[in-house]
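Trainee: Here are the chains, one letter per residue:
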Amino acid sequence: MTSTLSVAAPAGPGQSPGPGGRRPFGKSLLARVRPWMLLTPALLVLAVLLLWPLVRVALFSLQDYGLREIVSGEPNWIGLGNYVEIFTSEQLWAVVLPNTVAFAVLSVAFTVMFGTAVAVLLASLGRVWRTVVSSAIMAAWAMPAVTGTYVWVWIFDADRGVFNHVLQSLGLQDAPVNWFTDRWSFYAIVLLNVVHHGFPFVAITVLAGLLGVPKELLEAAEIDGAGAWRRFFSVVVPQLKQIFAVVIILSTIWDFKVFAQVYLMPGGAGSNREVLNLGVWSYTESFGQNRYGFGSAIAVLLTLLLLGITVAYVRTILKEEEL
Amino acid sequence: MRRDMWTRKNVGAVATAALVALGVAACSSGSGDGGDGTVDGEGKTLDVWIMQGTNPSADEFFDDVSAAFKEETGADLNVEFVEWGDAHDRFVTSIAGGTTPDVAETGTTWTPEFADAGALAPLDEFVAEAGLGDDLVDGLVEAGTYDGELYGMPWYAGVRSLVYNTEIFEKAGVEPPTTWAEIESAAKAIKAEFPDKTAVAVPGDAEFTVYPWVWGAGGEVATQDGDTWTSGLDSPEAQEGLKFWTGLAKDGYSSAGATTWRETDVLDAFAQGDVGMAVMGSWTPGAIVEANKDMEGKFAAVPIPGKDGGMSPSVLGGSHLSMFSTAEDQDLAFAFIEMMTTGEFATQWGEQAGYFPGQKSLLDETLESTDPLVAPFAQQFVEGGASVPVSPNFGAVQAKLTTSTMMQSILSGSEDVETASAKAAEEMTSLLNDGN
Chain A
1 MTSTLSVAAP AGPGQSPGPG GRRPFGKSLL ARVRPWMLLT PALLVLAVLL
51 LWPLVRVALF SLQDYGLREI VSGEPNWIGL GNYVEIFTSE QLWAVVLPNT
101 VAFAVLSVAF TVMFGTAVAV LLASLGRVWR TVVSSAIMAA WAMPAVTGTY
151 VWVWIFDADR GVFNHVLQSL GLQDAPVNWF TDRWSFYAIV LLNVVHHGFP
201 FVAITVLAGL LGVPKELLEA AEIDGAGAWR RFFSVVVPQL KQIFAVVIIL
251 STIWDFKVFA QVYLMPGGAG SNREVLNLGV WSYTESFGQN RYGFGSAIAV
301 LLTLLLLGIT VAYVRTILKE EEL
Chain B
1 MRRDMWTRKN VGAVATAALV ALGVAACSSG SGDGGDGTVD GEGKTLDVWI
51 MQGTNPSADE FFDDVSAAFK EETGADLNVE FVEWGDAHDR FVTSIAGGTT
101 PDVAETGTTW TPEFADAGAL APLDEFVAEA GLGDDLVDGL VEAGTYDGEL
151 YGMPWYAGVR SLVYNTEIFE KAGVEPPTTW AEIESAAKAI KAEFPDKTAV
201 AVPGDAEFTV YPWVWGAGGE VATQDGDTWT SGLDSPEAQE GLKFWTGLAK
251 DGYSSAGATT WRETDVLDAF AQGDVGMAVM GSWTPGAIVE ANKDMEGKFA
301 AVPIPGKDGG MSPSVLGGSH LSMFSTAEDQ DLAFAFIEMM TTGEFATQWG
351 EQAGYFPGQK SLLDETLEST DPLVAPFAQQ FVEGGASVPV SPNFGAVQAK
401 LTTSTMMQSI LSGSEDVETA SAKAAEEMTS LLNDGN
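These protein sequences, in sequence, are chains A and B. In case it helps, the numbering used here puts the first sequence at residues 1 to 323. In case it helps, the numbering used here puts the second sequence at residues 1 to 436.
Don't take each hint at face value.
On the chain A side, residues computed to face chain B include the following (Cβ under 8 Å) [claimed, not checked]:
no., residue
1, Ile70
2, Asp157
3, Asp159
4, Ala175
5, Asn178
6, Thr181
7, Pro266
8, Gly267
9, Gly270
10, Ser271
11, Asn272
12, Gly288
Non-contacting residues of chain A with respect to chain B, defined by C-beta distances greater than 12 Å in every case (computed) [as the list claims (entries may be wrong)]:
no., residue
13, Leu39
14, Ala42
15, Trp93
16, Leu106
17, Leu172
18, Ala188
19, Glu222
20, Gln242
21, Val311
22, Lys319
23, Glu320
Computed far set for chain B versus chain A, every beta-carbon distance over 12 Å [as the list claims (entries may be wrong)]:
no., residue
24, Asp64
25, Lys243
26, Glu290
Hints in this document: simulated from the structure, not taken from any laboratory. From the three backbone atoms N, C-alpha and C, an ideal C-beta is built for every residue, glycine too.
Let the hints inform the model, and build the full structure from the sequences given.
Mentor: Right, dumping it as structure tokens:
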């Protein structure tokens, strides 16, 4: 971003086209520079609001930065100490990373599958029912993560929850079970919560794509004898590749840094060490332990990880296009 | 620690305070009547943060305080209520941004932490000038003293005892317990009579309900030797206490949900009439009735029983009023602190919220109360009060949820008492000694 700014800087009005002979060159320079000039205000805002905090976090991550440093404002450099501690932490490899990665993979898969299924359903509905169903799923989308989490916590509550009540009335279990204490059932509930909250975005986006798929292609495929599944995977999906790319990348980013949905669950704030993920770990270390440097280092790693995934994914998509 | 805090440890603090008092009194005019008309706050505004959580609403109380403060000093009072749960983060961000209030309520375990960071202003001079040095409750003075200086003005303290549902006890035909064996037999009788109710709530995420059993069995949470702390959670005594307390849950007298309960969940369940007995704070009776009017008169309290009679010590939690070093007019800030922590308003606050005042002369009055929902707590406060480790690092132990982690892994059955307490002790020791 800094490089783009320095490109934009010399592009002031003084650089406008010279005398006639150099006109074509001058025009092309102006043409090249003009978009950047127009973008400069927005980029400046982004730099202040996004880039600067990012730089600060990166700088903090190289320090042992606690409450005392905050008060005094003095830096306290320790090089890569925080990163060394993270990478040698048993908790990272045994709990935090597996939880984060496995959860993200599963929730992206389920969100995209379910969202696509709902989109297909929506596409096949008439106008009235499509409005009804899409309003219903919008409600799930509009619900704040905190509210949604409490609703799920309430459903699975051990003593007064609906879920235990149903299981017991059906005779499937004798005594109430606390579903929040076990790592697997804990994340199953988080998965339900996150998929429930995330699928409407996928459904609406994919629906938009589905409506744009030319009818002729589908009819032609049908005449050639392709069944519904075949038509979907061989005709529709390739058409929607770009849309799936966007949806998957965004979902991956969201599901990697899931925080409130874990932190607010019983035991999720750190008293059940089995269920820590990167987001909660970073938060409890920085704000609970006043170790802002260490927490920042975790945040930097999370950012790099997400950047890596995104770049890799975008590159595969682009490569396939070139073929 | 523990009861000794009232005797052994505070000798130093009181001595220091007394010395400072002597020193300052010599140069002050000595008009220590507290009604300092000397403070002129005309046209100024004092920013104050007050915590809120399980105590009843305080809006009206602070309206009165504002009016009185305006009358006394001419300054306006700007009170902001901050949730306990968010407060630590709020303090830290405001310290970072230099936007701290002039005065704030700080939990006793936070005061040394913020003082250590250099965010608070020492109060000894002001206290001495007001002639209050000898009239402050020792345990709170000790908790508010860091590096020999007082940073937190004792405001109020609370203590947890055993609160029980009198209806459930009567129907089950049991008397309030006085020993651990009686707790167990009472729980058994309640469970037999009410299989669907929680006979005794053993919450997994409420550290202050755990320490009484550790102390009651003769164990220690942590002890200090020179500069080194050692957690005693894995001592045989502490483990005996933990085994008793978590054993109640293992025997089915608690509930499955309680494994992840916090104190607020205990309060909710108790207010619904679903709990036979639970360790709850002196400030909760008001909140129980506020949550469910039907509970009025249907519950009572006893001090937490000792193993073979007597009392198990319970944590004295409390709040200080602290002055931040960013306060522009320190005299004005202290005028507010003094108004809140002494005399009429301190008494009112204690009565309304169910807390014990931080001023000795007021505390003595409260302790004479015969109210059945005050007297047992008062007895616990005086005879069975104890303190968590007084260290700027104890906040880190709390934030790490060391004790809750131990409790949850025992209650969920994933670890036994020996393993879980050994892990917790190791973590607590290392956090307490982390000398940053």
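Trainee: Look at each hint and say if it fits the structure.
Mentor: Comparing the hints with the structure gives:
At its closest, the beta carbon of A:Ile70 sits 4 Å from a beta carbon of chain B; the interface hint therefore holds under the 8 Å criterion. Satisfaction of the interface hint for A:Asp157 is found here, the shortest Cβ-Cβ separation to chain B being roughly 6 Å, below the 8 Å cut-off. This hint holds: A:Asp159 has a C-beta 4 Å from the nearest C-beta of chain B, less than the 8 Å allowed. Look at A:Ala175: its Cβ gets to within about 7 Å of chain B, closer than 8 Å, so that hint holds up.
Hint on A:Asn178 holds. Least Cβ distance to chain B is approximately 4 Å, under the 8 Å limit. A cut of 8 Å between beta carbons decides the hint on A:Thr181: the least distance to chain B is about 4 Å, and the hint holds. The closest approach between the C-beta of A:Pro266 and any C-beta of chain B is roughly 3 Å, which is under the 8 Å cut-off, so the hint is satisfied. Because the closest C-beta pair between A:Gly267 and chain B is about 5 Å apart, less than 8 Å, the hint holds.
Annotation: interface hint on A:Gly270 holds; nearest CB of chain B at approximately 5 Å, less than 8 Å. Nearest Cβ of chain B to the Cβ of A:Ser271: about 4 Å, under the 8 Å cut. The hint holds. Evaluation of the A:Asn272 hint against chain B yields a held restraint, the C-beta minimum of about 6 Å falling below 8 Å. Because the beta carbon of A:Gly288 sits about 3 Å from the nearest beta carbon in chain B, less than 8 Å, this interface hint is met.
Once the 12 Å rule is applied to beta carbons, A:Leu39 is consistent with being away from chain B; the minimum gap is 31 Å. Annotated as non-interface, A:Ala42 keeps its C-beta farther than 12 Å from every C-beta of chain B; the closest such distance is 27 Å. Against the 12 Å criterion, A:Trp93 stays outside the reach of chain B, whose nearest CB is about 18 Å from its own CB. With 12 Å as the threshold on Cβ separation, the claim that A:Leu106 sits away from chain B holds: the shortest Cβ distance comes to roughly 23 Å.
Residue placement check: A:Leu172 keeps its beta carbon more than 12 Å from all beta carbons of chain B (closest about 15 Å). Every Cβ of chain B is farther than 12 Å from the Cβ of A:Ala188; the closest lies at roughly 16 Å, confirming the non-interface assignment. At roughly 54 Å from the closest C-beta of chain B, the C-beta of A:Glu222 stays outside 12 Å, upholding its exclusion from the interface. With a minimum CB-CB distance of about 41 Å to chain B, A:Gln242 clears the 12 Å threshold, and the non-interface call stands.
The claim that A:Val311 lies off the interface holds: its Cβ sits roughly 33 Å from the closest Cβ of chain B, which is beyond the 12 Å cut-off. The beta carbon of A:Lys319 sits about 45 Å from the closest Cβ of chain B, which is more than 12 Å, so the claim that it is off the interface holds. With a least CB separation of 45 Å from chain B, A:Glu320 remains clear of the 12 Å interface cut-off, as annotated. Under the 12 Å C-beta cut-off, the non-interface status given to B:Asp64 relative to chain A holds; the minimum distance is some 34 Å.
A cut-off of 12 Å between C-beta atoms confirms that B:Lys243 is not in contact with chain A; the least separation is 19 Å. Every C-beta of chain A lies more than 12 Å from that of B:Glu290, the closest at about 20 Å, which supports listing it as non-interface.
Against the hints set out earlier in the document, no violation occurs for any number.
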